[in-house]
Amino acid sequence: MAVRSKDTRPMIDRYRWWEVVLIYAGIFVFLFFMLAPFIEGFLVSLKPLSQLFSSPYKFWPENGSFKAYYTMWVSVPRFGRYIFNSFLISTVATIIVLALVVPAAYAFARFNYKGMALVLGGFLAVSMFSGAVLLIPLFRLMRTLGLLNTYFAMIVPGVAFLIPSAIWLLRTYMMRIPTELNEAAYMDGASQFYTFRRVILPIAAPGIVVVAITTFIGAYAQQFIFALTFNSKSDYMPLPVGLFAYFGKQDVIWNELMAASFVGIAPALVIIFFLQRYLVGGLTAGAVKQ
Amino acid sequence: MGQLSLKNVIKTFGDFEVVKNVSLDVQEGEFIVFVGPSGCGKSTLLRMIAGLEHTTGGDIVIDGKRVNDLPPVKRGIAMVFQSYALYPHMSVYENIAFPLRVEGAPEAVIRKKVNDAAAILHLDERLHQRPGQLSGGQRQRVAIGRAIVREPEIFLFDEPLSNLDAALRADMRIELTRLHKQLGATMIYVTHDQIEAMTMADRIVVLHGGDISQVGAPLELYHKPQNTFVAGFIGNPRMNMLPARCMGVTANGVQISCQGQSVTLPVAPRAGLEGAEMLLGIRPEHVTLGQGDLTLRATPNVIEQLGQQTIGYASLDGREENFLFVLSGTRGIEDDKPISLGFAAADCHLFDSTGAALERQVDIAAMTAPTL
Numbered sequence: 001m002a003v004r005s006k007d008t009r010p011m012i013d014r015y016r017w018w019e020v021v022l023i024y025a026g027i028f029v030f031l032f033f034m035l036a037p038f039i040e041g042f043l044v045s046l047k048p049l050s051q052l053f054s055s056p057y058k059f060w061p062e063n064g065s066f067k068a069y070y071t072m073w074v075s076v077p078r079f080g081r082y083i084f085n086s087f088l089i090s091t092v093a094t095i096i097v098l099a100l101v102v103p104a105a106y107a108f109a110r111f112n113y114k115g116m117a118l119v120l121g122g123f124l125a126v127s128m129f130s131g132a133v134l135l136i137p138l139f140r141l142m143r144t145l146g147l148l149n150t151y152f153a154m155i156v157p158g159v160a161f162l163i164p165s166a167i168w169l170l171r172t173y174m175m176r177i178p179t180e181l182n183e184a185a186y187m188d189g190a191s192q193f194y195t196f197r198r199v200i201l202p203i204a205a206p207g208i209v210v211v212a213i214t215t216f217i218g219a220y221a222q223q224f225i226f227a228l229t230f231n232s233k234s235d236y237m238p239l240p241v242g243l244f245a246y247f248g249k250q251d252v253i254w255n256e257l258m259a260a261s262f263v264g265i266a267p268a269l270v271i272i273f274f275l276q277r278y279l280v281g282g283l284t285a286g287a288v289k290q
Numbered sequence: 291m292g293q294l295s296l297k298n299v300i301k302t303f304g305d306f307e308v309v310k311n312v313s314l315d316v317q318e319g320e321f322i323v324f325v326g327p328s329g330c331g332k333s334t335l336l337r338m339i340a341g342l343e344h345t346t347g348g349d350i351v352i353d354g355k356r357v358n359d360l361p362p363v364k365r366g367i368a369m370v371f372q373s374y375a376l377y378p379h380m381s382v383y384e385n386i387a388f389p390l391r392v393e394g395a396p397e398a399v400i401r402k403k404v405n406d407a408a409a410i411l412h413l414d415e416r417l418h419q420r421p422g423q424l425s426g427g428q429r430q431r432v433a434i435g436r437a438i439v440r441e442p443e444i445f446l447f448d449e450p451l452s453n454l455d456a457a458l459r460a461d462m463r464i465e466l467t468r469l470h471k472q473l474g475a476t477m478i479y480v481t482h483d484q485i486e487a488m489t490m491a492d493r494i495v496v497l498h499g500g501d502i503s504q505v506g507a508p509l510e511l512y513h514k515p516q517n518t519f520v521a522g523f524i525g526n527p528r529m530n531m532l533p534a535r536c537m538g539v540t541a542n543g544v545q546i547s548c549q550g551q552s553v554t555l556p557v558a559p560r561a562g563l564e565g566a567e568m569l570l571g572i573r574p575e576h577v578t579l580g581q582g583d584l585t586l587r588a589t590p591n592v593i594e595q596l597g598q599q600t601i602g603y604a605s606l607d608g609r610e611e612n613f614l615f616v617l618s619g620t621r622g623i624e625d626d627k628p629i630s631l632g633f634a635a636a637d638c639h640l641f642d643s644t645g646a647a648l649e650r651q652v653d654i655a656a657m658t659a660p661t662l
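Chains as they are written, first to last, in our numbering: chain A, 1 to 290; chain B, 291 to 662.
Don't read these hints as lab results, they were simulated from the structure.
Note that this is a predicted model, so its numbers are computed, not measured.
Note that CB positions come from ideal geometry on N, CA and C, so glycine has one too.
Watch out, some of these pointers could steer you wrong.
Examples of chain A residues lying across from chain B (beta carbon under 8 Å, computed) [claimed, not checked]:
| no. | residue |
| --- | --- |
| 1 | G64 |
| 2 | P77 |
| 3 | E180 |
| 4 | Y186 |
| 5 | Y194 |
What follows is a list of derived Cβ distance ranges for each label pair [to be verified]:
| no. | chain 1 | residue 1 | chain 2 | residue 2 | range |
| --- | --- | --- | --- | --- | --- |
| 6 | B | R356 | A | V119 | 34 to 40 Å |
| 7 | A | T172 | B | M657 | 56 to 62 Å |
| 8 | B | I485 | A | T172 | 36 to 42 Å |
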């Protein structure tokens, strides 16, 4: 009897040994390039401050410890508050964006009306401006509205800049939901709102989660610039601005700064991992025959 | 209850007339099939009856009431879509219950109706599964179940079987016929598959370019097509058309000359046909080997052996189109060798230059089984 192959992979997925080595080498190079700052940051957080300026520089910490993760709370006692602020601003911004974007994306995906292309194009154009370009007009606007030094000063512009991309993203997702489902629900007597609530929303859930994640990350990332310009109250400072507290008058407490950065990111990571569980693909399976 | 009339119904998209002046009466409990090639307006017509598509002109009347501007629910209509259109996030039970939930029916009523529908459609075991876990035939049954629970007077089917494979389609055809008998409701069914049309319909409506070409019982369309379009559309393989010239009209029929032969066809005579160009139609299954009232010398190019029948594509002298013939059983015909093909005058169809048929003198009612 001939030799039987135990390999069950399809032919297209089979590689020679040197191809496998090359693939993994490539993956390693790219991953290292992306993760190097994080690795170095983490190593710095483990080192005693004195070792940071040693020459020759040592990447690997000697007598490394997690001490900075304790002392950071002492050097900047309000750090917990900053994390909470960051979290609050991003969460509220995400909720507002979702509340506005979900119905809007549905309308853009399902209905045709005059000027729709114009409005959509407008959204795209707006999202081409970064918030930084518009800081001065925004500052005047905030001052006129009396929103300076409030949470709203950081939430409202954030929401405004996050809406366009969220609409485009979710609209694309919703356009993939077959129109027949709307027609079937209409035939069964369901109103537009009933159909939206009972049929469209559950099917669009994975898309909504994607939008929620990107919006949350977006809000987390962009709050720095709004917080820096529109807020001077340290009670409302979010994490990125709060990190400046580790810049002392003379020294920067680098190891604690790095430790604080990692601790500050943690809640966002938890949220994203939590939402990711709902990213189930193929929820439309069986709806219509493609 | 379940009586539908279309009166001069028109549908235009911009300047393009999709449905042109269609009038039709559907009796209660009838199984009507709309059939026609792609783009003939059959689906549009169905969607207008359903209330999904706006009607440009004319009246849609259900049980004596004009329903043009009523939403589907108020028309007492349910529709089964070609793509099933099931709600993927709901169980089979919830899918079928959906119309009742919209109505706000009490839980006990919903449970009873859904269970009844599931029993009719053999879905009892599947009620707690999601559509994604079902096979194509089961999904289609769920879609039908969703239509049944509302107990509509009229069911609309938009090519419901076209996504199923051939074996399943045959099963579902029988199941739909059984369902029609069981429910006794009016059903309007759109398809491009003439086997579905022939086997299921009480009456077939053949649509062509937005117009009704002919309405009639399946066998009537087969034996007495009113024009060349219906003659070509009903019957598979399609009818052969041969040019002919009218030589004279007698009380017994019309004498024509075709392929250099003269023959009298038993069709309803009409005055003023002498000398006119006509078309002689003969179905491939009526062609036999050897001599007939009309005999052609032909050379088969391709022979398809199906075991139960033998299909031949032959070329005739001076004609580009293939002449088709279907012989029952297995026949050892070789291609590229000339043969004689004959057929009876009584099996011929005759069409005038406008494509309208001269009525054949056949009595469909007399085509009964011999008494034992």
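Hint by hint, here is what the structure shows:
{"no.": "1", "hint": "G64", "result": "violated (50 Å)"}
{"no.": "2", "hint": "P77", "result": "violated (48 Å)"}
{"no.": "3", "hint": "E180", "result": "holds (4 Å)"}
{"no.": "4", "hint": "Y186", "result": "holds (6 Å)"}
{"no.": "5", "hint": "Y194", "result": "holds (6 Å)"}
{"no.": "6", "hint": "R356/B x V119/A: 34 to 40 Å", "result": "holds (38 Å)"}
{"no.": "7", "hint": "T172/A x M657/B: 56 to 62 Å", "result": "holds (59 Å)"}
{"no.": "8", "hint": "I485/B x T172/A: 36 to 42 Å", "result": "holds (41 Å)"}
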